[in-house]
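Once you have looked at the hints, place chains B, C and D on chain A.
There are 4 protein chains.
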Amino acid sequence: MQIFEQHESGIRGYCRTYPTVFSTASNARQTDENGKSYIDFFAGAGVLNFGHNNPAMKKAVIEYLENDGVLHSLDMYTTAKRSFISSFVDTILTPRSMDYKLQFMGPTGSNAVEAALKLARKVTGRQDVVAFSHGFHGMTLGSLACTANSYFRDAAGVPLPHVIRAPFGCEPVCQGCTQGCGLDSLHQLRAQFEEPSSGLPRPAAFILEAIQAEGGVHVASAAWLREVQQLAHDLGALFIIDDIQAGCGRTGNYFSFDGMGLSPDIITLAKGIGGIGTPLAMNLVKPEHDAHWEPGEHTGTFRGQDISFIAGTEALRYFEDDNLMKLTRANGILMRDALQSVADRFPKRGLQVRGKGMMQALDLGDGSLAKQITADCFAAGLLVGPCGSGGRVIKLIPPLTIPDEDLAQGLAIFTDAAISRLEAA
Amino acid sequence: MQIFEQHESGIRGYCRTYPTVFSTASNARQTDENGKSYIDFFAGAGVLNFGHNNPAMKKAVIEYLENDGVLHSLDMYTTAKRSFISSFVDTILTPRSMDYKLQFMGPTGSNAVEAALKLARKVTGRQDVVAFSHGFHGMTLGSLACTANSYFRDAAGVPLPHVIRAPFGCEPVCQGCTQGCGLDSLHQLRAQFEEPSSGLPRPAAFILEAIQAEGGVHVASAAWLREVQQLAHDLGALFIIDDIQAGCGRTGNYFSFDGMGLSPDIITLAKGIGGIGTPLAMNLVKPEHDAHWEPGEHTGTFRGQDISFIAGTEALRYFEDDNLMKLTRANGILMRDALQSVADRFPKRGLQVRGKGMMQALDLGDGSLAKQITADCFAAGLLVGPCGSGGRVIKLIPPLTIPDEDLAQGLAIFTDAAISRLEAA
Amino acid sequence: MQIFEQHESGIRGYCRTYPTVFSTASNARQTDENGKSYIDFFAGAGVLNFGHNNPAMKKAVIEYLENDGVLHSLDMYTTAKRSFISSFVDTILTPRSMDYKLQFMGPTGSNAVEAALKLARKVTGRQDVVAFSHGFHGMTLGSLACTANSYFRDAAGVPLPHVIRAPFGCEPVCQGCTQGCGLDSLHQLRAQFEEPSSGLPRPAAFILEAIQAEGGVHVASAAWLREVQQLAHDLGALFIIDDIQAGCGRTGNYFSFDGMGLSPDIITLAKGIGGIGTPLAMNLVKPEHDAHWEPGEHTGTFRGQDISFIAGTEALRYFEDDNLMKLTRANGILMRDALQSVADRFPKRGLQVRGKGMMQALDLGDGSLAKQITADCFAAGLLVGPCGSGGRVIKLIPPLTIPDEDLAQGLAIFTDAAISRLEAA
Amino acid sequence: MQIFEQHESGIRGYCRTYPTVFSTASNARQTDENGKSYIDFFAGAGVLNFGHNNPAMKKAVIEYLENDGVLHSLDMYTTAKRSFISSFVDTILTPRSMDYKLQFMGPTGSNAVEAALKLARKVTGRQDVVAFSHGFHGMTLGSLACTANSYFRDAAGVPLPHVIRAPFGCEPVCQGCTQGCGLDSLHQLRAQFEEPSSGLPRPAAFILEAIQAEGGVHVASAAWLREVQQLAHDLGALFIIDDIQAGCGRTGNYFSFDGMGLSPDIITLAKGIGGIGTPLAMNLVKPEHDAHWEPGEHTGTFRGQDISFIAGTEALRYFEDDNLMKLTRANGILMRDALQSVADRFPKRGLQVRGKGMMQALDLGDGSLAKQITADCFAAGLLVGPCGSGGRVIKLIPPLTIPDEDLAQGLAIFTDAAISRLEAA
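Chains as they are written, first to last, in UniProt numbering: chain A, 1 to 425; chain B, 1 to 425; chain C, 1 to 425; chain D, 1 to 425.
Chain A with its partners taken away, still in its complex shape (with noise of 0.2 angstroms):
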């Protein structure tokens, strides 16, 4: 590790929450170099839904390296990328009656969102954009400005203008908030707009996770979400929705807002997508709105990453049949189950257990004691992550391709070290 500690940037993080060297990964474990094992319930961030070097993308992948494949193609044709595209409209897009051009961007989910917000301002001719607590969508200038940490936006060192913030749609609310999240200031917000001397601007774009991920696991309400999606459309601004990290799965279906009556303007992808780890980013874009682009307008030089389109091709086999959301939604309900029975343990703190699918977590109210649980896993050979405002809240999101002994161990793991931990404070 001193190689890191000599030569690596201060910024690094997560080495610091684990502190070994990691060696191989395969589905839901990572070993490190000197052999430890450990149940993996971060997936590199949500990314590895589908597990370490899952055994299928890496026998294509390795087939096309093989071969010569293109592995690197800017926005030019290759055969690799058609089979994605092919498989993405019949996979998710048709059984969905859903029409969208797919825009493919530099390969992170902060560059989709900067892609998203700059076709909703081209679109309205407008510039403010309306983010929520606790949202996250990315680090680079125009995605932070819609990021709510504060710790991340102070970084910035410039303004982050142009974004009007307001309260999520969590429901329940979260513990101790006051904020006033849910329907009730989403009308006071809907009368701001309406109100010519609120001082507020008509808006370009409403942007939200369904399900916020890194902000702390708070899951708006579908009828919340519909009531954003008409005033975007009563004020003549877009819809948009950040599934990177919640969506390809992770909450039992593939989008984690299907099934909500939703149609958003643009859908934001990344994560996921790639299915092996490999970076790939991916808006879906209404028709009628992608038809402002021009041609390049916004460009990044690995917006074509062949590996990544061969391991999402694979990772699109998964949503032909009900198979891996069946059992996602089932594990959801074991882990959210684990996590009640932690809470309920300790019906005095007010211990919140939120989540869907296999994103669930346990909102201790105190980032040092989630601080101390993560630190006892890791220990105990499990890779828990906090999230939320200091770190608060931890959340479980371990592949779904998980087998039942690793996710049954992981949980016991985890609920043993919250109780000692919550014992103890």
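These aren't lab readings, by the way, just hints derived from the structure by calculation.
Each residue gets a CB set at the ideal place from its N, CA and C atoms; glycine is no exception.
Among the hints, a few may not be true.
To be verified - Here are the simulated DSSO-like pairs of lysine-lysine, each with C-alpha atoms no more than 27 angstroms apart in a straight line:
(1) C/K348 <-> C/K326
(2) A/K122 <-> A/K371
(3) A/K36 <-> A/K371
(4) D/K326 <-> D/K356
(5) D/K58 <-> C/K59
(6) C/K59 <-> D/K59
(7) B/K59 <-> A/K58
(8) D/K59 <-> D/K36
(9) D/K36 <-> D/K371
(10) B/K58 <-> B/K326
(11) A/K59 <-> B/K326
(12) D/K122 <-> D/K356
(13) C/K356 <-> C/K371
(14) A/K58 <-> A/K326
(15) D/K59 <-> C/K58
(16) D/K58 <-> D/K36
(17) B/K122 <-> A/K59
(18) A/K122 <-> D/K122
(19) C/K122 <-> B/K122
(20) A/K59 <-> A/K326
(21) A/K326 <-> A/K348
(22) D/K58 <-> C/K58
(23) A/K58 <-> B/K58
(24) A/K356 <-> A/K371
(25) D/K326 <-> D/K348
To be verified - Output of the computed footprint for chain C on chain D, the stretches with three or more beta carbons under 8 angstroms from beta carbons of chain C:
(26) 106–118
(27) 277–285
(28) 329–335
Stated by the list, open to error - Partner residues aside, some chain A positions facing chain C, computed with beta carbon under 7 angstroms:
(29) S37
(30) H134
(31) N149
(32) S150
(33) R165
(34) P172
(35) Q175
(36) T178
(37) Q179
(38) G182
(39) A191
(40) P196
Chains B, C and D in isolation, oriented as in the chain A frame:
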């Protein structure tokens, strides 16, 4: 191609220049699905310095995959990352007595620039950054503010503040340009900064490419670059070199500014450092500046790309001796001579040849002419890319590893196409 | 009127509402060049609290002119300014145990607000300011950013950043308004500021009018105002009351917020303080904040207006006893009763009467109706002015010195006009 | 003076330079309360072109007051305003064949500039404005963004965006200045604007003073001014001359740019146009631009100042013949000769005399020296004011109506003080 036209966003660009579907690629050649082979003088916009499917890299990557190496690691420690860091320090930094911290971020050049700007602003407590005519630094709002091209800027939909524009240090100045590029305008800029009533605030940083690639292959003189560095330091600002496209050996040295007596505060790298075409971005930051980062202040899901670390480590072997760089310089002369022969044939047109090492360009002064030549080359089996204002410059950036016969054949195709069109014009 | 139509800018406004040429004015009456006399319920948009050509002021000004008193003095010391300062301290500040520094600047309310915002930003080192729905603070870019009305904001031609918008503290809330004005939304705003992941930065200041005049005569509750002050101080922000239109006796006390237990960090004054209608602006600044100013950091050519000091000193005599304020409160009740009688006559229309002291208004909920009534009043010899969103509110602000018979006659004209139009509507 | 020190804000400035309390003033003399008389070479920072208490104006104002003329009228029509408009059109515009609309606004120069910027942005739909080194345009956020002096800019507390800075057109250039002022840098600026990859957006306007007053009395050449106008029009931008301090006869013509072949799109006026020292501001706007205003889009409580209209109408009589302007030009030569004699006496110091008409200045190149000379003058009974960067320039702007003996005596005091200090230095 119908699948793309039907489903992919209208923003796609290069596929319009190269209207075919590529399937495989090897060193300096790409082959489309009809079996037609193209010599590649574009190299993934400067990513593929070591050729498509570089055999050593491919072997290392396949081996890594077969061994279940960690593929996605955020900023956790991995053995693959350690190898990369060690190689980079030993091969690149130590021989140059350069003392820098390595910072990894979201794997795009734009993200590297965003991180550099944040840090410069944190270090200085100032907001404004000086950027130059023709500079290209990325597409996200922070980096886009430093990018000069109005086609990209106009797509932002919001103002791009906190950047002071100045003419670049081209030597010689471009045909017909009267912006006053070079030392004279730089001295005036110094006087403006030193005058308390110029209205120009003290800047946080000066950011530039020593050789501007996308902007049209403008080469700054060493004297101008040293004076920019001196001015930055006299003003208490950071001196940032964006070596994303010109670095990693492209110009005949590892860094485009090697041997010029420069010591940038931050060097941004991306494109070529991942070796095989998979994404990676890295900043070299002087330790005294790096100390201003708090852990995790600038994050990115894909900042731990182990395939890129593995292939990038192989790429660094090319710099253990001077063979590839010697060849690069020699081939650069061949390329320049070929272009100059075209320019010399049409003395009245004021064609200009510019470049360094294996980035050489012909400034045709006319975007539609450049477009025609590019199309003719494509038809004849050569990929070249226009750049600069209105696409008036054709830039040749083949893989550094291109076989002699491909280089010769490619140059022949290009000069034929250029001469035909110039004669007809 | 042809001279005006031919040569004056099309931006002129009130002359379209009152299409005649005025020549003389005395107390609450203006007379046009045809000899028609109008009762003035508009008082120069709240400037002429002490009537047109107030005899004592007129006498003092003429005397000052005849004695060659200094008329223009920047921020040099003059005897006239000293008299004004002494009177203001003795008559207004000392009896209230208020300890403030007096700052003079360019003689407009907008300039007073600009100075207050600069100081708040200097004191706190922060940039954002909280301003409220319907607030009016001026037309220059800094103050305009705090002004709510979109008609004015849209004319800026640039973004108006660094302001956070919130609903006002109206009590009761306006007919049909669902912005959530009042304590509930203020508590939510507090929660947003206290939540590090709301995206809201700590503000430099909260700026508000205790009674919003131009915005449509919205009266904040004392409880809400106290809570804003408390919130500001809890966040380390300054609490600024813009008393430009509602101050100087208009509401039945010198300050509109007298007796509410408030202690603003900065109070902005203009309009009425010059007494006779000549310009003057002045901020009251707590000494600990004033200490952050460097000499001459905010200047203004016309900041030393000695005619205004002379007439303003006369104006202060009205506050040496409670006679005028008693009368103001009594007349305010008369005015309110008159308006309420109109409202009561049309119970289904939800007309609302709002105001305090001699600023009383009828919210007609309909700008075109208000425009018609205003025109009818003008024809009948009464000047009233619409305000609020779309001009739907008619605000009555006669001179505080209006003779009883003028007040009665004016109210009769107004109620007749309003009733006729309401019956016809 | 204790009253001021105890109660007035620490921001007060000129009173520190002139530490006495003034009571009366007449033409070119101010008298303090101890009876000491001072010759006024400062004239209220350029307001009092026609002297303190100009007898004709005083008489007219007193008469107007005695007749109960309207004193405050917003943008209603009054007889006083009509007289002023008619006189201005007949005396100033018609003889020059100038076709402009007259726009009145809040009565400060800063407000005039804010209105001009709004209109330029509305007309062009663009945001950026070009402003120049040493330019002074006001203190509110919009005008301050165009002001060059960092002492004022740094007090804003927020960024001052949407302004592009360029060197001014000084001829000759100031001693020691290497900013490249003049036509060369203007040609480079043109080239930058015409190059689509310079990063400079097309501007809404160019704003400048033909003679910079507060900035240090820099005189632009007519050729440079014409080229700025041409560049503006070639770019589709407005050409705005801020004639607030240099206009109204100061330079020996009514406008400072008379006779240069210029036709600005907007001319901003304030300071001297009210004649007697009371506030007034007015923009002259070409009718085709004025047509973009909607009624009341830019308002201001004090935009109808009838005392200023009355006195300003008297002031216009001075321009019915050329007597005052002839005298101004002649006295300007006297002033210049006196200053030049000082400069010539110290040839090694590189002192520079600059100015036009009765705005003449000595650039001492040293702020502390200028401060000492100013203090010596004050002690000897002469008021002069330093300006420019660090206060290194002493500007002489006596009333145009100054008696010969006062001018001679004042110049003698100044030259004695300057020579003594320069000899001692």
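Going down the list of hints, with the structure as the test:
1. C/K348 <-> C/K326: Not OK: C/K348 and C/K326 at ~34 angstroms, beyond 27 angstroms, violated.
2. A/K122 <-> A/K371: Violated: A/K122 and A/K371 sit about 43 angstroms apart, past 27 angstroms.
3. A/K36 <-> A/K371: Status holds; Cα separation ~21 angstroms.
4. D/K326 <-> D/K356: With Cα atoms ~13 angstroms apart, D/K326 and D/K356 stay inside 27 angstroms; holds.
5. D/K58 <-> C/K59: holds, 14 angstroms
6. C/K59 <-> D/K59: Between C/K59 and D/K59 the Cα gap is close to 15 angstroms, so the pair holds against 27 angstroms.
7. B/K59 <-> A/K58: Measuring from Cα to Cα gives roughly 14 angstroms; hence the hint holds.
8. D/K59 <-> D/K36: holds, 26 angstroms
9. D/K36 <-> D/K371: holds, 21 angstroms
10. B/K58 <-> B/K326: Holds, because 24 angstroms separates the two Cα atoms, which is no more than 27 angstroms.
11. A/K59 <-> B/K326: violated, 39 angstroms
12. D/K122 <-> D/K356: violated, 34 angstroms
13. C/K356 <-> C/K371: holds, 23 angstroms
14. A/K58 <-> A/K326: holds, 24 angstroms
15. D/K59 <-> C/K58: holds, 14 angstroms
16. D/K58 <-> D/K36: holds, 23 angstroms
17. B/K122 <-> A/K59: Roughly 45 angstroms between the alpha carbons, so the hint for B/K122 and A/K59 is violated.
18. A/K122 <-> D/K122: holds, 19 angstroms
19. C/K122 <-> B/K122: Distance ~19 angstroms between C/K122 and B/K122 Cα, so the pair holds.
20. A/K59 <-> A/K326: holds, 25 angstroms
21. A/K326 <-> A/K348: violated, 34 angstroms
22. D/K58 <-> C/K58: holds, 14 angstroms
23. A/K58 <-> B/K58: holds, 14 angstroms
24. A/K356 <-> A/K371: holds, 23 angstroms
25. D/K326 <-> D/K348: At roughly 34 angstroms apart (the allowed maximum being 27 angstroms), D/K348 and D/K326 break the hint.
26. 106–118: That given contact holds, which follows from 9 residues of the segment 106–118 of chain D lying within Cβ reach (below 8 angstroms) of chain C.
27. 277–285: holds (count 5)
28. 329–335: violated (count 0)
29. S37: violated, 34 angstroms
30. H134: holds, 5 angstroms
31. N149: Constraint on A/N149 satisfied, holds at 5 angstroms.
32. S150: Cβ of A/S150 sits 5 angstroms from chain C, so the hint holds.
33. R165: holds, 4 angstroms
34. P172: The hint is violated - A/P172 has no Cβ within 7 angstroms of chain C, the shortest such distance being about 16 angstroms.
35. Q175: violated, 13 angstroms
36. T178: holds, 4 angstroms
37. Q179: holds, 4 angstroms
38. G182: Cβ of A/G182 sits 11 angstroms from chain C, so the hint is violated.
39. A191: holds, 4 angstroms
40. P196: holds, 5 angstroms
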